[in-house]
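Please work from the sequences and hints to get the whole structure.
Each protein sequence line maps, in turn, to chains A and B. So that you can map any letter, position 161 of the first sequence is 149 in the numbering used here, and since no number is skipped, the others follow by simple counting. To get the numbering used here, take the position in the second sequence, counting from 1, and add 1.
Everything labelled a hint here was simulated from the structure, so no lab data went into it. Being a predicted model, the structure only gives us computed values, none of them experimental. Please note that a few of the clues may not be correct.
[Said to hold, decoys possible] If we take Cβ atoms under 8 Å as the criterion, some of the chain A residues that face chain B in the derived model are:
(1) M331
(2) L340
(3) F346
(4) D353
(5) G355
(6) F368
(7) L378
For glycine and all other residues, C-beta sits at the position ideal for the given N, C-alpha and C.
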Amino acid sequence: MDRIKAILSLRGIGKRFYGNRVLSDVSFDVAAGQILGLVGENGAGKSTLMKILFSMPEIHETGGYEGSILWNDREVRFKGPSDALEAGIGMVHQEFSLIPGFSTTENIFLNRESLHKSVMTDIFGSRIRALDRENMTKLSQRAIDKLGVPLDPGMLVKEMPVGHKQFTEIVREISRDKVKLIVLDEPTAVLTESEAEVLLSSLRLLAAEGIAIIFISHRLREVVELCDWVVVLRDGKKVEEFPARGSSVKTIASLMVGREVETQEQAETRVYAEGKEEPPALSVERLWVDMPGETVRDVTFSVKKGEIFGIGGLAGQGKLGIPNGIMGLAPAGGTVALHGKPMRLGSPRTPLELGMAFVSEDRRDVGLLLDEGIDWNITFSAMQVQNKFLKPILGGLFQWRSDGEMFDFANEYIRLLDIKCTGPRQRVGNLSGGNQQKVCLAKAFALRPDVLFVSEPTRGIDVGAKFIVLETLKKYNSEYGTTIVIISSELEELRSVCRRIAVVYEGRIEGILPHTAPLSEFGILMAGAKDEGPKDESLEENLRNESLRNESLKNESPAAAVGRSER
Amino acid sequence: MGHIKRFAADFGLPRMIIAVYLLGLFLMAPMTGVSFSGALSDVFTRIGMNGILVLALVPMIQSGCGLNFGLSLGVIAGLLGATVSIEMGYVGVWGFVFAILASQAFGAIFGFGYGVLLNRVKGGEMMIATYVGFSSVMIMSIAWLALPFKSPVMIWGYGGEGLRTTISVEGFWRHILNDFLSFQLAGHKFPTGAILFFLLVSLVIWAFFHLKIGTAMTAVGSNPIYARASGIDINKMRIISVVISTMLGAMGIIVYQQSFGFIQLYDGPLYMAFPAVAAILIGGAGVNKASLTNVFLGVVLYQGILTMTPLIFNAVLKLDMSDVIRIIVSNGMILYALTRKTKVLK
Chain A
-11 MDRIKAILSL RGIGKRFYGN RVLSDVSFDV AAGQILGLVG ENGAGKSTLM KILFSMPEIH
49 ETGGYEGSIL WNDREVRFKG PSDALEAGIG MVHQEFSLIP GFSTTENIFL NRESLHKSVM
109 TDIFGSRIRA LDRENMTKLS QRAIDKLGVP LDPGMLVKEM PVGHKQFTEI VREISRDKVK
169 LIVLDEPTAV LTESEAEVLL SSLRLLAAEG IAIIFISHRL REVVELCDWV VVLRDGKKVE
229 EFPARGSSVK TIASLMVGRE VETQEQAETR VYAEGKEEPP ALSVERLWVD MPGETVRDVT
289 FSVKKGEIFG IGGLAGQGKL GIPNGIMGLA PAGGTVALHG KPMRLGSPRT PLELGMAFVS
349 EDRRDVGLLL DEGIDWNITF SAMQVQNKFL KPILGGLFQW RSDGEMFDFA NEYIRLLDIK
409 CTGPRQRVGN LSGGNQQKVC LAKAFALRPD VLFVSEPTRG IDVGAKFIVL ETLKKYNSEY
469 GTTIVIISSE LEELRSVCRR IAVVYEGRIE GILPHTAPLS EFGILMAGAK DEGPKDESLE
529 ENLRNESLRN ESLKNESPAA AVGRSER
Chain B
2 MGHIKRFAAD FGLPRMIIAV YLLGLFLMAP MTGVSFSGAL SDVFTRIGMN GILVLALVPM
62 IQSGCGLNFG LSLGVIAGLL GATVSIEMGY VGVWGFVFAI LASQAFGAIF GFGYGVLLNR
122 VKGGEMMIAT YVGFSSVMIM SIAWLALPFK SPVMIWGYGG EGLRTTISVE GFWRHILNDF
182 LSFQLAGHKF PTGAILFFLL VSLVIWAFFH LKIGTAMTAV GSNPIYARAS GIDINKMRII
242 SVVISTMLGA MGIIVYQQSF GFIQLYDGPL YMAFPAVAAI LIGGAGVNKA SLTNVFLGVV
302 LYQGILTMTP LIFNAVLKLD MSDVIRIIVS NGMILYALTR KTKVLK
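What follows is the structure in structure tokens.
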């Protein structure tokens, strides 16, 4: 097979957001008719990369990007998404950008409708031209046939099942005459299995017609099935690229989450609950939670007394819904029992009174009183729920707030957690993210909880604060025997603190693994590909060889590497 | 220099200009022939009259319900209390005490309904509050005619039924607070009782916000989601704050009446909310944060300027334009105050 010319080449793409590096030196090529799978965990930089390709305004507003984009061998700098569209790059977004009250055809041809000519338009210009609906319907039917999906050109978008909305978006992109490359961001996330099948086969058809496709998905099985070539991003860097044929879900998953790391660190911190046969401190059965974007469908697990239990999973799969539902912050149902006693769900006060506490993932909105001082923030919950920091006056008729006790308590935690501030009265809104998170932890500790939920404890905080936060949790667990449930997107962090880690996928617990389990197994659970069959050592071996080969090819032109993959 | 700058930033330049202007007016008083002590006495009388009405805004601001533009509802509760007290024929201290007690009962009932309503329109409280104020005044305009009051002091002389627009409290409890412990200040009366009463009520409110419940209320105003996550019943706290606000409004108008000497019915309550709101904003309060310092400073600055400006201008211009100037100044200050409701000052 001849060397296929790359239609799009990315060369050393990098991007910083406000000093945070989110992408560095990403390079790869896409050839005409090639389907490229772009995979990576949340935050690995996939979406940013695509935004750079489309020259979204937010990229310019935050200082542009590094590296260069070659489109048909010429370096391009699109001024905005419309330039990219003009050049022949189409994008199907994660969120539907369709108008609900318009029909399929109207949505497909929005702003580029076929128009009738008439005398009036000669006088008043093209703005008042009438739409040539007949022609539009014909054209959209042709595009729909090209994709090979059962879409009705006249149906209103709001009446469609989600799958058809997704199809409409794709049809809109391919109906452009010039389109050479289509980017699909998680196109199958909202589809049922059969719809996804239809979509995948129609994508193959498109590729056969010479259209290049960048396919972004968390469903690794689909990536392996559909794509010719896979690019794995991790922490803003390209870690590997290799042909999809011959690779397995498992190998891709382990590349996504990172290489196997030494697990010595965990061993020394296991001081709690080792081997003890105690009744579960917390048992959750058939929990459902209606939290927007984090729906929990059917979750059952139990946590032993004194254990640090981890809940992981990709964003949007429902892991955050679990603590929010149990703590009464989102509508929930099912059975939650604390030390064997069932607890009523739906009111935030009940779990607090029973000795549970929650460090929310949403620091600014749920976790803190930004306009108040550190002392208020730390002591408020304990004061309201457990009547701490109060002095009864007039024979207990009134509960007087003891500002002095609050001040001293806050001072103690400022020292313990090394909160950088000017004093306990400083407004929490003026603290840095890491210090705010420490305040949130201190707030939970002030309640002296029996069971503590900590949601995304290290999100958006610097390395130093991260370390203190995790160490404090471990210390608190071993000193007071507090049962801790940590919910985090960062698998490494869970593996360094927890002994058992549950992985949530599509609102259900996909599996519970010991922290010593290989990363690839976590990856498989996170991608919801549990039933992939037995582990495939030989394929992994294959991949190693492949990546070694890629290493040696680094000096060749990437286009040549792409060509090789086609062989 | 840095010290002064920091102070200016903390105190706010506009507030400083207002304070300097007020000071200037006082200094000009002797030069223009206006009696200094008389002016001071006037200012204190007005502070005593209006203080509690401004204080009434604090609970709702603290609980996140915003500025109580529906203060008229509380004022109506106060009017009902006052008229019922006169109807019953109580005079003197007991008349005043009964008026306040009755007004508190009305205020609690009205405030509860008002609070329930405001809980249904979270985010649009101030707009709805304004309309609650307007519509309650209009409904009461009908009610004042229809309610079966009999006291000849209060009903229309000719028809024999329906209440008059203005009812004198002379002979009932006029100046009951102003005269309490009052003394002569260079020939002018100092309204000791009214000021003491204002300070007393302020003390109670200060104490309230140092209780567990007051702390919870502040947290609700600061961040309702945080409060909910800490097990606070947000709606309950908000209703309590609205009830307290309305009750204080009712008490405030009775204090106002005993000093003013008249009960103003019909559309009288319509114009009570804006000056109070303007005063607390000039005092440095924000839409969901207010302190007693804001109240004191606001009342002193607002009422001070409102009293002094016409006095001095009249004396300088030798024209009696006091009412025109008063209206220009008060509405100008309201306008200024409403445009600067963003930054909270100490």
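Hint check results:
1. M331: 14 Å, violated
2. L340: Result: holds, 5 Å to nearest chain B Cβ.
3. F346: 7 Å, holds
4. D353: It holds, given that the least Cβ distance between D353 (chain A) and chain B is near 5 Å, below 8 Å.
5. G355: 7 Å, holds
6. F368: Since the shortest Cβ distance to chain B is 6 Å, the answer is holds.
7. L378: 6 Å, holds
Going through the hint list in order, the structure does not satisfy hint 1, though it satisfies all others.
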